[in-house]
Structure formats: structure tokens, C-alpha cells
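Given these sequences and hints, build the entire structure.
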Amino acid sequence: MTEAAASERVEFVLPGVKCAGCIAKIENGLRPLSGVHRARVNFTTKRVAIDHAPELTPDALRRAIAEIGFDAQPIAAAAPAAEDRESKALLRALAVAGFGAMNVMLLSVSVWSGAAGATRDLFHWLSALVAMPTVAYAGQPFFKSAWSALRRRRTNMDVPISIGVILATALSLFETIEGGPHAYFDGAVALLFFLLVGRYLDSMMRDRARNGVTALMRETAPGGTVLLPDGTTMWKRAADLEPSMRLLVAAGERFAADGVVEEGLSTVDRSLVTGETMPEPIAPGEPALAGTLNLANPLTLRVTAAGDRTSIAEILRMMEAAGQSRSFYVRVADRAARFYAPAVHTLALCSFAGWMLAGAGWHQSLLVAVAVLIITCPCALGLAVPVSQVVAAGALMRKGILIKDGSALERLAEADRACFDKTGTVTIGKLVPDGPLTLSTPEKSLALALARASLHPLSRALATVLESEQVEAASLSNLREHPGLGLEAIADGTRVALGRPAWLGIDRVDARGPVVAFRGGQGSTRLLRFFDRMRPDAPEVFRRLKRMGLETIILSGDRREAVAPIAQEVGATALVELTPAGKVEAIQRIERGGHRVLMVGDGLNDGPALAAGHVSMAPASATDVGQSAADAVFLGDRLAPVAIAVAAARRTRMVVRQNFALAIGYNALAVPLAIAGLVTPMLAAIAMSSSSLLVLANSLRLRNCAR
Amino acid sequence: MSGLGLLIPLALLLGLGGLAAFLWSLNAGQYDDLDGAGIRILTDEDCEP
Numbered sequence: 101m102t103e104a105a106a107s108e109r110v111e112f113v114l115p116g117v118k119c120a121g122c123i124a125k126i127e128n129g130l131r132p133l134s135g136v137h138r139a140r141v142n143f144t145t146k147r148v149a150i151d152h153a154p155e156l157t158p159d160a161l162r163r164a165i166a167e168i169g170f171d172a173q174p175i176a177a178a179a180p181a182a183e184d185r186e187s188k189a190l191l192r193a194l195a196v197a198g199f200g201a202m203n204v205m206l207l208s209v210s211v212w213s214g215a216a217g218a219t220r221d222l223f224h225w226l227s228a229l230v231a232m233p234t235v236a237y238a239g240q241p242f243f244k245s246a247w248s249a250l251r252r253r254r255t256n257m258d259v260p261i262s263i264g265v266i267l268a269t270a271l272s273l274f275e276t277i278e279g280g281p282h283a284y285f286d287g288a289v290a291l292l293f294f295l296l297v298g299r300y301l302d303s304m305m306r307d308r309a310r311n312g313v314t315a316l317m318r319e320t321a322p323g324g325t326v327l328l329p330d331g332t333t334m335w336k337r338a339a340d341l342e343p344s345m346r347l348l349v350a351a352g353e354r355f356a357a358d359g360v361v362e363e364g365l366s367t368v369d370r371s372l373v374t375g376e377t378m379p380e381p382i383a384p385g386e387p388a389l390a391g392t393l394n395l396a397n398p399l400t401l402r403v404t405a406a407g408d409r410t411s412i413a414e415i416l417r418m419m420e421a422a423g424q425s426r427s428f429y430v431r432v433a434d435r436a437a438r439f440y441a442p443a444v445h446t447l448a449l450c451s452f453a454g455w456m457l458a459g460a461g462w463h464q465s466l467l468v469a470v471a472v473l474i475i476t477c478p479c480a481l482g483l484a485v486p487v488s489q490v491v492a493a494g495a496l497m498r499k500g501i502l503i504k505d506g507s508a509l510e511r512l513a514e515a516d517r518a519c520f521d522k523t524g525t526v527t528i529g530k531l532v533p534d535g536p537l538t539l540s541t542p543e544k545s546l547a548l549a550l551a552r553a554s555l556h557p558l559s560r561a562l563a564t565v566l567e568s569e570q571v572e573a574a575s576l577s578n579l580r581e582h583p584g585l586g587l588e589a590i591a592d593g594t595r596v597a598l599g600r601p602a603w604l605g606i607d608r609v610d611a612r613g614p615v616v617a618f619r620g621g622q623g624s625t626r627l628l629r630f631f632d633r634m635r636p637d638a639p640e641v642f643r644r645l646k647r648m649g650l651e652t653i654i655l656s657g658d659r660r661e662a663v664a665p666i667a668q669e670v671g672a673t674a675l676v677e678l679t680p681a682g683k684v685e686a687i688q689r690i691e692r693g694g695h696r697v698l699m700v701g702d703g704l705n706d707g708p709a710l711a712a713g714h715v716s717m718a719p720a721s722a723t724d725v726g727q728s729a730a731d732a733v734f735l736g737d738r739l740a741p742v743a744i745a746v747a748a749a750r751r752t753r754m755v756v757r758q759n760f761a762l763a764i765g766y767n768a769l770a771v772p773l774a775i776a777g778l779v780t781p782m783l784a785a786i787a788m789s790s791s792s793l794l795v796l797a798n799s800l801r802l803r804n805c806a807r
Numbered sequence: 928m929s930g931l932g933l934l935i936p937l938a939l940l941l942g943l944g945g946l947a948a949f950l951w952s953l954n955a956g957q958y959d960d961l962d963g964a965g966i967r968i969l970t971d972e973d974c975e976p
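So the sequence lines, in the order shown, correspond to chains A and B.
Final position of the first sequence in my numbering is 807; the numbers increase by one with none missing.
Final position of the second sequence in my numbering is 976; the numbers increase by one with none missing.
What the hints contain is simulated information worked out from the structure, not anything from laboratory work.
A hint or two may mislead.
Claimed, not checked - Partial selection, computed: residues in chain A whose CB lies under 8 Å from chain B: (1) 191; (2) 196; (3) 202.
As the list claims (entries may be wrong) - What follows is a list of derived Cβ distance ranges for each label pair: (4) A:790 <-> B:950: 53 to 59 Å; (5) A:585 <-> B:968: 53 to 59 Å; (6) B:967 <-> A:681: 45 to 51 Å; (7) A:155 <-> B:964: 28 to 34 Å; (8) A:786 <-> B:950: 43 to 49 Å; (9) B:931 <-> A:776: 52 to 58 Å; (10) B:931 <-> A:778: 54 to 60 Å; (11) B:933 <-> A:454: 43 to 49 Å; (12) A:116 <-> B:933: 57 to 63 Å; (13) A:735 <-> B:944: 41 to 47 Å; (14) B:967 <-> A:229: 38 to 44 Å; (15) B:967 <-> A:568: 30 to 36 Å; (16) B:931 <-> A:248: 42 to 48 Å; (17) B:944 <-> A:420: 44 to 50 Å.
The beta-carbon is built from N, C-alpha and C at its ideal position, and this holds for glycine as well.
What follows is the structure in C-alpha cells.
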């Protein structure tokens with residue numbers, strides 16, 4: 101390897117990049133590091149690409165970024181995604197087609213305004229010179245797709261497009277050689293240009309949504325510290341871990357592999373994998389799952405399964421399998437093409453045969469047939485779907501709803517059942533105090549000091565509340581955490597404690613959510629009640645969905661007591677204590693009943709269910725697995741986007757249908773003229789652009805569809 | 928006719944020049960981070976690309 105090539109590239113996701121200052125801070129902070137050749141933040145995709153010397157490990161770079169003050173997660177594959185390249189190829193083709201269309205049209209207008217004889221022939225030759233390379237290059241996306249469809253003995257929208265463009269170009273070349281009056285170069289190239297606009301918009305929409313949703317394995321542990329037989333430790337990537345290795349897991353770290361605890365007592369938060377909100381204690385001999393979070397104390401783990409054999413990888417596989425049914429979905433444009441393509445080709449063939457029978461020469465008959473193909477070429481049809489969907493997706497984006505692709509909008513319009521996960525979807529997924537905290541100011545400062553010492557969700561929630569009240573933490577000594585019970589410490593010679601009510605001598609507690617008890621100084625034991633607040637507009641959204649004809653069901657992995665009050669308040673039926681596979685099964689049962697399910701969920705445990713639903717949505721607070729499995733992601737604390745998205749998708753479907761009607765109606769008017777042999781290249785160009793404009797204008801009505 | 932002989936090639940060449948410039952800027956990654964480009968002018972120091 102040469103000196104310049106001795107450099108590796110790694111990409112990190114940086115969710116925290118929000119402003120110009122962040123970009124400068126990260127780039128300037130990384131550049132002085134030895135071994136870093138180049139660091140460039142991409143603000144749009146919220147990533148940083150670092151070229152570095154091979155000695156630097158991704159983990160060292162991650163720590164360096166953490167020191168600058170940003171949370172960074174490495175992305176497994178640094179190679180640009182295939183879809184990204186596709187989008188660029190389309191943009192290149194669009195640029196070439198635009199150049200060709202403008203220049204050929206310039207020449208064509210001169211011919212239409214009366215150029216004759218040698219000038220006309222010269223202009224036709226010049227048009228051919230520009231148009232033929234343009235068609236050869238810019239037509240490739242259509243030719244390739246048409247060819248692959250034909251090879252599988254199917255047909256799609258690209259087949260009539262390809263045939264129309266190629267025939268029109270070939271015939272125009274023949275006309276030019278013969279010195280004939282009509283050449284359709286402008287029609288062929290303008291057609292490609294219009295269609296590429298639609299195709300590019302479609303692809304751009306997919307890219308934009310995908311940028312917000314990256315890297316499947318981000319939430320799970322990238323690797324862990326392995327204890328080697330000689331007593332030394334070494335950091336290894338999750339993929340390099342093997343069974344029977346011993347893993348050291350610090351408090352606050354996620355398990356990088358499935359295993360059995362050998363040493364240490366702690367609590368684990370399994371919410372990522374099971375959806376269970378409350379952490380549970382773990383002791384030697386008990387199993388731990390990859391992806392779950394170690395909360396209290398360091399643990400030594402003997403690995404039993406690693407890499408793609410862990411339970412988390414199993415969930416991802418289940419997700420992939422569940423998502424396959426969706427790949428059979430045929431988009432509305434291709435469904436239209438199934439009827440459209442044979443009809444158009446039969447029509448062109450019939451007009452050719454008709455003119456031959458009527459005694460015209462094969463030359464004139466072919467000219468008529470090509471005119472029919474150009475007039476019926478689905479220019480407006482090709483724009484009808486993508487333009488409507490892009491306008492609708494733009495309107496939804498302004499409301500904080502990211503739609504991943506056009507087919508998601510089509511499927512969203514078809515949904516007639518809505519399934520919701522509970523934690524993080526119907527609720528906010530964060531614990532907030534149930535009523536004011538019954539603590540005096542000195543007690544608050546003791547409670548804050550204790551709460552800060554633990555990663556337990558209740559301690560975190562308590563610390564967040566107290567910090568927002570600007571409480572100063574007291575100083576503590578002899579702080580100890582008892583896994584599964586609570587924390588205790590000494591302050592000014594007295595014992596203070598925060599933990600389970602039963603541990604502090606209170607046996608019976610009435611509350612709708614989790615409760616933590618606090619004992620400090622001379623005061624009696626206080627109960628602090630918390631609950632996971634429902635999204636404020638949830639009941640209203642459930643009612644609106646019902647009015648729109650969507651029956652609502654809650655699918656939760658949580659316990660019955662936690663789900664029942666919420667299901668009652670929003671008025672939905674609920675299934676509880678479901679495993680990830682159980683959720684998939686529930687959805688498949690509904691789909692077998694002939695319904696289309698909209699699944700809304702956020703956790704890793706919802707991943708397979710999100711993939712199994714006919715269409716799915718996830719809040720932006722969702723785990724990455726949830727976000728990447730979902731067709732749409734919505735921002736904010738409200739649930740209203742779910743109903744808005746469904747309503748907008750239905751409006752879009754209506755406009756798409758209108759567009760189809762407009763385009764087909766236009767054809768119905770123009771085709772008789774073409775068959776009668778009255779269509780000149782100028783008429784064809786006018787008909788084509790005006791029908792496209794009409795469809796565009798109609799689609800723009802969707803600008804305010806997100807209500 | 929002689930005017931056309933000069934002007935038409937000139938028009939085509941200018942168009943081709945624009946096309947080449949666009950394709951170059953696309954390949955050079957100038958459209959990879961449109962939001963970032965707008966924000967970067969706010970940073971004080973001159974960052975190297």
C-alpha cells in the first residue's frame with residue numbers, strides 16, 4: 101500500500117448535530133488528533149466521515165467525539181447505499197435529458213415556424229445528432245427496467261415508454277435520412293425529460309426519509325470488553341465475540357452478546373428487547389440478553405451466543421422474514437401499466453394494420469403507428485403518481501411526518517385496522533411524577549443526590565424532575581446500591597435511602613404507575629408516585645381513526661395492570677404480555693381476516709410487527725430498529741400525526757385517481773386524431789406538455805393535504 | 928445561413944458547457960450536504976474542505 105492509501109474510513113451517526121457551531125466544534129476537534137487525516141460532517145445526513153490511520157480504532161474515535169461533547173455511533177458499512185447512487189444516476193440522466201430537450205426543441209420550433217428545404221434537413225440532422233446520444237444515455241433507467249420486466253415475462257410502465265421512445269427515434273432518423281417533413285426527436289427527448297422528473301422526485305423522496313433513519317444496529321452494543329485468560333482485557337467488536345469468552349460489562353453498558361452472569365449482582369433494563377418497562381434484578385447463573393442494559397453494578401458474563409446467533413439478531417431475522425410479504429405489493433402505477441401497456445400496443449398495431457389495409461404504404465402506416473405510441477405514451481401517467489406523492493409527502497414533512505416512499509402512502513390509504521404499541525407510542529415513554537412531589541427542600545437535595553447515583557429509570561425520572569426545579573444535590577458518603585431493592589447512603593450521620601416501598605417497610609401501595617419510596621433524615625418514609633404519561637391527544641386520535649373506519653387495537657409486551665387503564669381511556673381493545681413473535685402473529689391473524697393493518701410502534705420488540713403490518717409508523721423517539729422497520733416516522737409529543745397521515749394518504753389516493761382520469765381522458769381525445777393520421781410533431785408536443793401541466797397543477801392541490 | 932453556421936454550434940457548445948459543469952459539481956459532491964452548505968457560512972474560521 102502506498103502512503104496515501106494507508107488510511108481507513110469510518111462513518112459515525114451524530115444525532116446531536118444541530119447548528120453550525122456543532123460542525124465547527126467536531127471538525128476542528130478531530131483534526132488535531134494524530135492519525136486523523138480528514139474529518140467532514142454531513143449536516144443533512146447527520147454523519148461524520150473520518151479518514152484515519154489504521155492504528156486508530158473506531159472506539160478510540162468514538163471516545164474522542166464524546167470528549168468533544170457529542171454522542172456518536174459507528175455505522176457498519178461506510179460504502180454509499182445503492183439507492184443513493186441510483187438517485188445520482190437519475191439526476192445525471194435528468195440533466196442530460198434537459199440539455200437535449202431544450203436544444204432539440206429550439207431546432208424543432210424553427211422547423212415548425214416554416215424552415216424548409218435544405219435548412220429543415222440540416223436542423224433535422226442537428227436534432228438527430230443531439231437526440232440520439234441523449235436517448236441512449238437518459239433512456240437507460242427505463243430501458244433497463246423494461247428489459248428486466250420483459251425477461252421475467254411481465255410488463256410495467258417502462259415497457260410502453262421504452263418502445264415508444266426507441267421507435268420514435270428510429271423512425272425520425274429514417275425520416276431525416278429520407279429528407280422527410282416530420283421528425284419526432286423533440287417528442288422522444290421531451291418525454292424522457294418529463295418522465296425522469298417524476299422518477300427523480302420519487303427517488304429523492306425515498307432518500308430524504310432514509311437519511312433520517314439509519315444504521316440498524318446503532319442501539320445495540322457495538323462491542324464489549326473481553327477478559328482474556330491471562331487477566332488482561334481487550335475491546336472487541338460484537339461480531340468478533342465467541343461463546344465461552346468472558347465479558348466485562350460496566351454499569352450503564354449494553355450487553356454485546358447473550359450470556360450467563362458469572363459474577364456480580366445488578367439490575368437490567370430489558371425494555372429494548374421485551375418492552376417490559378421496569379428493570380429486574382439479575383444474579384450469578386441467570387441469563388442476560390444482548391442489547392439489554394446493565395444498570396447498577398459491573399458484571400462478568402460468560403458468552404453463550406454472539407454475533408448473529410443472539411436473541412437480538414433473531415428478532416432482526418424475524419423482521420426480515422415478516423417484511424417479505426410487503427415486497428409482493430404492486431404499486432398503483434404498475435397496476436395501471438398492466439392494463440395500459442397491452443391496450444396501447446394493440447391500438448398502435450391495429451392502426452398500422454388498418455392503414456396498410458386501406459392501401460397506404462408501409463412508411464405512412466408506420467408513421468401513424470408511431471404517432472399513436474407517442475400520443476399515448478404515459479407521460480402524464482408517469483407523472484400522475486410521483487408528483488402527487490411528492491407534494492403530499494412535502495406537506496406531511498412540514499407537519500413532522502417523514503414518509504419513506506410512495507408505496508407507503510398508497511398502503512397507508514388502504515389500512516382499515518390500526519394496531520398500537522403502548523409504551524413510547526400511546527404513552528410518551530418517559531416517567532413523570534403523578535401529582536406534586538411531597539418532599540421538603542432538604543429532602544429534595546438528598547433525594548437528588550441518591551437518584552443521580554443510579555441508572556434505574558425511576559431514579560433518572562426523579563433526578564430529571566428535581567434538576568428542573570434547580571435543586572442542589574446534598575453530599576453523601578458510603579453510597580451503596582442494592583440491586584433490585586434501592587440505594588442507601590449516609591448524610592450528616594443519618595441513613596438515607598431510596599428504593600422499593602417494600603424494602604423501606606411499606607407493603608401496600610395504591611398507584612397507577614411505578615412508585616419509589618424515600619426515607620431521609622428525621623422525616624417519615626415518603627412515597628413518590630410516577631406514571632408514563634399518555635400522549636395528550638391519544639383519546640381524540642383514537643376517536644378520529646374510528647370515525648375514519650379504522651378499528652384500533654393495542655398490542656403490548658407489558659403487564660395487564662399497566663395496559664388496562666390506558667386501553668380503557670382511549671377506548672381500544674388490548675392484547676397484553678405479547679412477545680415480538682406474538683405481535684406478528686396477532687397482526688397476521690387480522691390480515692388473514694381480510695383487513696389491512698397499520699402498525700404503530702417504537703421498540704426493538706415491535707420491529708417484526710412493524711415489518712409484518714401492511715404499513716407501519718414509528719415515533720421519532722423510537723429505537724433505530726423501530727424507525728428503520730417503519731414506513732413513516734413522526735416527530736413530537738402528539739399522536740395526531742397518525743390520523744393526519746392516514747387522512748393525507750387517502751386524499752393523495754383520490755388525487756392520483758383524478759390524475760389518471762385526466763391523463764386517460766386526454767388520450768381518449770388525442771388518439772382518434774393520431775389514428776386518423778392528423779397528428780404532426782408539433783401537435784404531439786403540445787398535447788404532451790399540456791396534459792403533463794394539467795396533472796402537475798392538479799397534484800399541487802395536495803399542498804395542504806396534511807390536516 | 929452563415930450566421931446559423933456560427934450561432935448553432937455556439938449555442939450547443941454553451942449548453943454542453945453548462946451540462947459538463949453540472950455533472951462535475953454533482954460528482955465533486957457539491958450536492959451531498961445541501962443543508963450543511965447553507966449553515967457552514969456561519970462558522971468563523973475558514974475550514975478546509
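Status of the hints after comparison with the structure:
Nearest Cβ of chain B to the Cβ of residue 191 of chain A: about 6 Å, under the 8 Å cut. The hint holds. Here the hint on residue 196 of chain A is kept, as its CB sits about 7 Å from the closest CB of chain B, short of 8 Å. Hint status for residue 202 of chain A: holds, given a least beta-carbon distance of 7 Å to chain B, under 8 Å. Taking 53 to 59 Å as the suggested C-beta distance range, the pair residue 790 of chain A and residue 950 of chain B does not conform, at roughly 31 Å.
Taken as a hint, the range 53 to 59 Å holds for the pair residue 585 of chain A and residue 968 of chain B, whose Cβ atoms sit roughly 56 Å apart. Our hint of 45 to 51 Å for residue 967 of chain B and residue 681 of chain A holds, since their Cβ atoms are close to 47 Å apart. In this structure the hint that residue 155 of chain A and residue 964 of chain B lie 28 to 34 Å apart at CB holds, the actual value being about 33 Å. Remark: the range hint 43 to 49 Å for residue 786 of chain A to residue 950 of chain B is contradicted by a beta-carbon distance near 31 Å.
Remark: the range hint 52 to 58 Å for residue 931 of chain B to residue 776 of chain A is contradicted by a beta-carbon distance near 35 Å. Between residue 931 of chain B and residue 778 of chain A the Cβ separation comes to about 31 Å, which falls outside the hinted range of 54 to 60 Å. Between residue 933 of chain B and residue 454 of chain A the CB atoms are about 47 Å apart, so this pair conforms to the stated range of 43 to 49 Å. Taken as a hint, the range 57 to 63 Å holds for the pair residue 116 of chain A and residue 933 of chain B, whose Cβ atoms sit roughly 58 Å apart.
At roughly 43 Å, the beta-carbon separation of residue 735 of chain A and residue 944 of chain B lies within the given 41 to 47 Å, and the hint holds. Range check, residue 967 of chain B to residue 229 of chain A: about 42 Å between beta-carbon atoms, so the 38 to 44 Å window is met. For residue 967 of chain B paired with residue 568 of chain A, a C-beta distance near 34 Å keeps the hint of 30 to 36 Å intact. The hinted window of 42 to 48 Å between residue 931 of chain B and residue 248 of chain A holds, with their beta carbons roughly 43 Å apart.
The beta-carbon spacing between residue 944 of chain B and residue 420 of chain A, approximately 48 Å, falls within the hinted interval of 44 to 50 Å.
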